[in-house]
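Based on these hints, arrange chains U and E on the given structure of chain X.
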Amino acid sequence: MNSPSHTETQVLIIGGGATGTALARDLALRGVDCILVEKDDINSGASGHNHGLLHSGARYVASDRQTAMECRAEGAILKSVAAQTIENTGGYFVAVQGDDERYVADFPSLCARAGIAARAVDLTAARALEPALSERTIAVFEVPDASIDPFRLSLESMAHARSLGARLMRRSRVLGFERDGRRIRAVRVQCGSEELRVEAAQIVNAAGAWARELALLAAAPVEMAYFKGTLLVTHTRLASRVVNRLRLPADADILMPGGTVSIAGTTSTPVDALDDIYPTTAEVDLIVAEAARMLPPLETMRYIRAYAGVRPLVGAPGAGGGRAVSRGYALFDHEDQGLDNLATITGGKLTTCRLMAERAADLVCRRLGVTRPCLTATTPLPVAPECGWTEPGRSARAWMRSHARDDTLLCECELVPGRAVDAIYDALRAQGDAPTLTDIGLRSRVGKGACQGAFCAPRTVAHLYNRGDFQARRGLAEILDFFGERWRGERAVLWGEQLAQAELMEALHCGVFGEELQAEELRTEDLRGEVSP
Amino acid sequence: MSPAILLSAFYASLVLCALGLAWRASAWFRLRIGPDARDITWSQRVAAVFRGAASALFGSRILRLLAALLLDVLLLRRLFAREKLRWTGHLLVVVGFMLLLLMHALAPLVSAKLFPGYQPTLDPYFFLRDLFGAMILAGLALLLSGRRADFPQRRGLIDWAFVTLLVAVVVTGFLFAGYKIASPRAFYRMTEQFIGSTDPVKLEPLRAVWASEFGVAFGDLKQPIDPDLMEQGRKMQRDACASCHSKPASAFVSYPVARALAPVERSLDAGRADVWLLYLHVFACFLGLASLPFTRFFHVVAAPVSLLVDAAAQDRAFSSAGRVAQRALALDACVHCGICDSRCSVAPVARYLNNAYLLPSYKLGATGALARGRLPRDEADPAAEGAFLCTDCGRCTSSCPVGLDLADLWQAGRGDLAAAGFPAPAQWVQARSALAWAESLEADSAQHPLVDADAAFAPLSAERRTFSRCVQCQTCTNVCPVVAHSIDAEHGVDLTPQKVMNLLRLGLRDLTLGSRMVWDCASCYQCQENCPQGIRVADIMLELRALSVHRLGAVRGQREPS
Amino acid sequence: MSSARQDSCDVAVIGAGMAGMAAALFAAERGLKCIQVGNSGGLLFASGLLDLLGVQPVAEGRLWQSPFEALAALAREEPLHPLARVDARSIRSAFDSFVAALGGSGLHYAPLGERNRKVLTSIGTIKTTYGVPRSMIAGADLLDARPPCLLLDFRGLREFSAAQIAATLGERWPGLRHRQIEFPGGEALPELYGAHLARALESAETRARAIALVKPLLGDAHAVGFPAVLGLARSGDVHAAFEAGLGVPVFEIPTMPTSVPGLRLLRALEGLMSARGVHRHHQAGARALTFDADGATATLELEGISTGSGGERVFARAVVLATGRFSGRGLSADRAGVRESLLGLPVQQPASRAAWHQRDFLDPSGHAINRAGLRVDDAWRPLDAGGTPAWPRLHAVGSILAHQDWMRSKCGAGLAIATAWAAIDQVTRELRGTAAG
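Chains as they are written, first to last, in my numbering: chain X, 1 to 533; chain U, 1 to 562; chain E, 1 to 437.
Hints are not guaranteed to be accurate.
[Claimed, not checked] Ranges of calculated distance between the beta carbons of each label pair, as one might list FRET restraints:
1. Arg339/E / Pro459/U: 25 to 35 Å
2. Pro221/X / Ala385/E: 55 to 65 Å
3. Ala76/X / Glu529/U: 46 to 56 Å
4. Ala100/E / Glu529/U: 51 to 61 Å
5. Pro221/X / Ala59/E: 35 to 45 Å
6. Gly106/E / Ala522/U: 24 to 34 Å
7. Ala385/E / Asp285/X: 21 to 31 Å
[What the hints assert, rightly or not] Covered by chain E, according to a simulated footprint, are these stretches of chain U (three or more residues, beta-carbon under 8 Å):
8. 132-141
9. 399-409
10. 481-488
No lab work stands behind these hints, which were simulated from the structure alone.
Here the structure is a predicted model, which means the values were calculated and not measured.
C-beta atoms are modelled at their ideal positions from N, C-alpha and C, and glycine is treated no differently.
Only chain X is shown next, with the shape it has when bound in the complex (with noise of 0.2 Å):
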């Protein structure tokens, strides 16, 4: 990379997630210069690994009534500001026989209570515009959740910042803090082969789940407790609606709509250690058994793959199974530990990154003597061209749209055209960085479909040959880690039609052409630095 070894800015921010991201895009709209440094890529934490729900807040009346109120502030914010990044659904609290009947009847006070319209639904009517839903139903109320897609509207706030003068550091870990008194002088950070210092007036640790390493390493350390969950993708769309369990939030509680998938979910497992972190078999039968009961097409359903996140919780760890934690977010200014400029936010939710960025951008300005107001409330979020292909169905349309002779598609299962591939791979290049499979992947549907990457991976490689952008063995490095990457979701859901969709694709990948056999001796050799000219 060709980057300095020293480098300055005024803040830093650590975390390139929802947080983080909209930290960066607030910051920039005051006219703040700042770095963001990310070890891995956007959204690699739980921003990356979550339902995708914009939540009404009616899921947290009883349990937690600031986050429901507070879920219905920032709902309603972004659907104004970010609407490209959002489906608004619309919402379903379903009870079947057997739940909690009292909750039910105190549902509708519950959300008046916080502010959240919640109106109660016939259930013959519910069942016409919702088929899924079980025979077993017994209430049903409609509330204006949404869906929204969490890697579009980080891509296009990181998008939006760049665009402002902000700055991004992907694959850049942070080593270490250089501490002088009450303030840190310098990050120190391994950016691939490099080790760069980055000077900085504010240092913000916006690394969800990492926060806590992170903060320790400063010796500022922050209570949070690790709780992991695991959500399945089904095949095709069960829903068109949000459907959530009228209940005490517990697992296996929703199924959202996801474009042209359902995901349902999802679990909460304490965890120490971040480091392998992937669905369980244990937890898939969980929320299949559980879900079906709300859902029963759920139990017969074909699912593509699963994933698993780390939901970095605020508090010590208690009982409850992590959901007795607060699921508020906490901003801590270090004061007391002896720093002034650093803050950590952390906690918190995906509805509410964007307030959690105005509260930390608040404190930065603040004692960076920045008088600007926040404007990401009433700002709307442009649309940056390059980041719209994690829409699902659109590239379908684009390509239907128009496309000339050599803009064939690279993705079957989803309709991904090569000018998407190569819109993706051309703005990481800009960027300075060396694009993998993976990271196209994050950006688009690419490897997102019912192949898993089986056959547009070769297809998006050689592609990518064709253009001289890989070189030597690149290419077969990459399909190898792009499979890995997929296999880590897909091998908890493969039973039935989808373990006969992984046979094949092993038959053709190991039986025909052999490719595990090369795994071993790609490893040992160093293709990333390998970037054409």
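Chains U and E alone, transformed into the frame defined by chain X:
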């Protein structure tokens, strides 16, 4: 009355019949069906027919013609293969009618010459006459039973009139025969002619026998009858009557009719029923003869001609003039049996769209009406829809017992419809891109994407299980001949079968409805036959096509969204 | 399919993949009356290469130059592996017979020997295999010497990039050049499909145009590599024409599905079935299999694969189950476990689903579920819950068998062909025995 009147009436009907036949047959040379008929003159058709006939009759194919005459025309082997019950009914009617015609109507020319001592009242002829009449009625009953419930056969008033006439012929025949059996007037006429007396007292013994054993309803016989009298009467019977009269009990229909008429027999006699019943019967026959060419029963001429033409031509290799003539012939040769309708593969769609014109029998009618310029506007629209939703599966053609080349007729008919301003949906659909159509639907529809009002109609494409087995192998696309022959993006297909399946799986069905792939699909079924996961790709394409006509048709008049 | 039609035979083969086709072929060759049903899906993805045994043991990823030595090692290390239970002589005979039959159908293979061959693939890896189609052998021959060669691809054939193959082989084969050309007639098309190209190349005119495009690019190339699209039904002719026209050896490179060599194999085998008098119920699968009380006859009830309609019955004296694994639906898995689809035979499998797959897709030891399957006795009869054969003349062959991981061992064709041979041997003995007895 006078035989002269009868004879004149007969000749008149014969002439009318002949004129009618000629007029109907002339349609085979006049009627233009299909765009390729535009440039063909009637004289070209006549020439083609003559050439064809000549080469058939005076060549080796004469044997094939004779075989066809025997097997197809007389024995109706195609019908036998398809519907045995209908074959039975048809054979009963035809054989009964022919034999009745020969033995009874043309008795002086046929029976009298062939069978010396023929008398209609003598067994077996007495029995046979009733048998043949009964066969006709039984056959008609079989043929008329078992009609389609939802879309009835197209039948005109004149057809019903003809059937009624035929039934009337047989029924009046039975009535007349029954009347004569029971008629004292007839008895006395006979005795005057052959015994020379009409004195009831003198003829008492004979009358006794004729009353008890021959069913005459004298009404003035002393009961009980003296056995000696009977014996005497039997002797007289043997001497004077037996050579011409068998006991009428063998006339198993007429005799019961005679018994039933017994109470009113004398009134009938008094009313000269021997005259007016005869006239009824005979004039019914004449009317039938005269009107035959003007009803669909003209098929008794047209169908054999069609079968023979088919046999004469090798593999339907007609000259273009010949083919055009043959289409018009086919319109007349259709026997309205409805077998084609029962085999039609898009019949369920007809029910859903409530459009009978998807069914072959209706299409045939519409094709003819269009060619004659007599297809009204409100019928033309559904007729066009029906014509273009036909999948050309060919089941109607292969199941037609008369061997009509329906596949060719449908093609020709579509050409005519297009020329008349009803282009194939493929044409107006392809005027816009698939995406533009999808956007029109979006603008039009308040439907939430997952609430599928058309699910019952397009069950395969609406059901998620249909696609859950797809492993994305692309076999369907690789074996598709339409994709193989796609020359360029503009004129070829815009989507491939795999892409269509994926769009459906993604819930983006509206993007497929206006696509060329859906309309250019040749329904060759290679995709479905080769799919390793047994997905019904071709069936889905056809479902989409029907759905597309339905939904795109609804928004067709609207302007394209900007 | 009309209902209530019945047919009887000596042996019913359920399955029309590699193992099912091989079994039906061998049965017909031995004079047995054979009826075949089932799906041929797997063959569509076949590369055309016939693997015997390439890797043993799987966990070490050790490649063998001699498949027979590998088989010997297999017999020592994994005696339960199906290939370890067929003697080498039978394996050779089976392969010879299979390949000869294909040759008779116009699909020629390079002579089989003692050694494995190495073949270049479209992903750029080098595959170890045993039986190589004649159309691919030139590439295998050159993989040792690695002289200058030209690799071609057609614009629009999306999964194949000659640049990729050349780049992946990199310094290992410096003389490898690559060019992309337009397919004659496909210049205006955005995307091309292998099967269409293959059929188009059967036209002399298209071939001539293609050759004319390639010839000026030859340079010092000792051979030319193409994606495997050189012909479909007449691939031998097309391949020969290319070689004649270009004046150098020409070799095909196996591709991603839809694999044209797989399609060729399928069509050739279908033709062989019909030529050998095997009555094949196309697009019909087995709905139910029952055995009569006295053990003499099995009744197979059929149904349409896509429509489910059916009712035809087949009566057989012996049955060969070659229904494959999960893609072929011979085995099916739900969250609770793996079942054998037709008869519910007990399936050897890991104790729980959590153990089915490794965490890492490329874990060298492979995934435990791939070794699940039917256990068979020495006569190839699957065992019921009590450990005895489910039926005296029911045999199981091919990838449905337990104790093997064909995808990692590179022994797919070997497994199919060898076990089919051994089972049909057994069936022949049984039927002759019962006939005589």
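Let me make sure I understand: some of the numbered hints might not hold for this structure. Which ones are they, in numerical order?
Of the numbered hints given earlier, those the structure breaks are 4, 8 and 9, listed in rising order.
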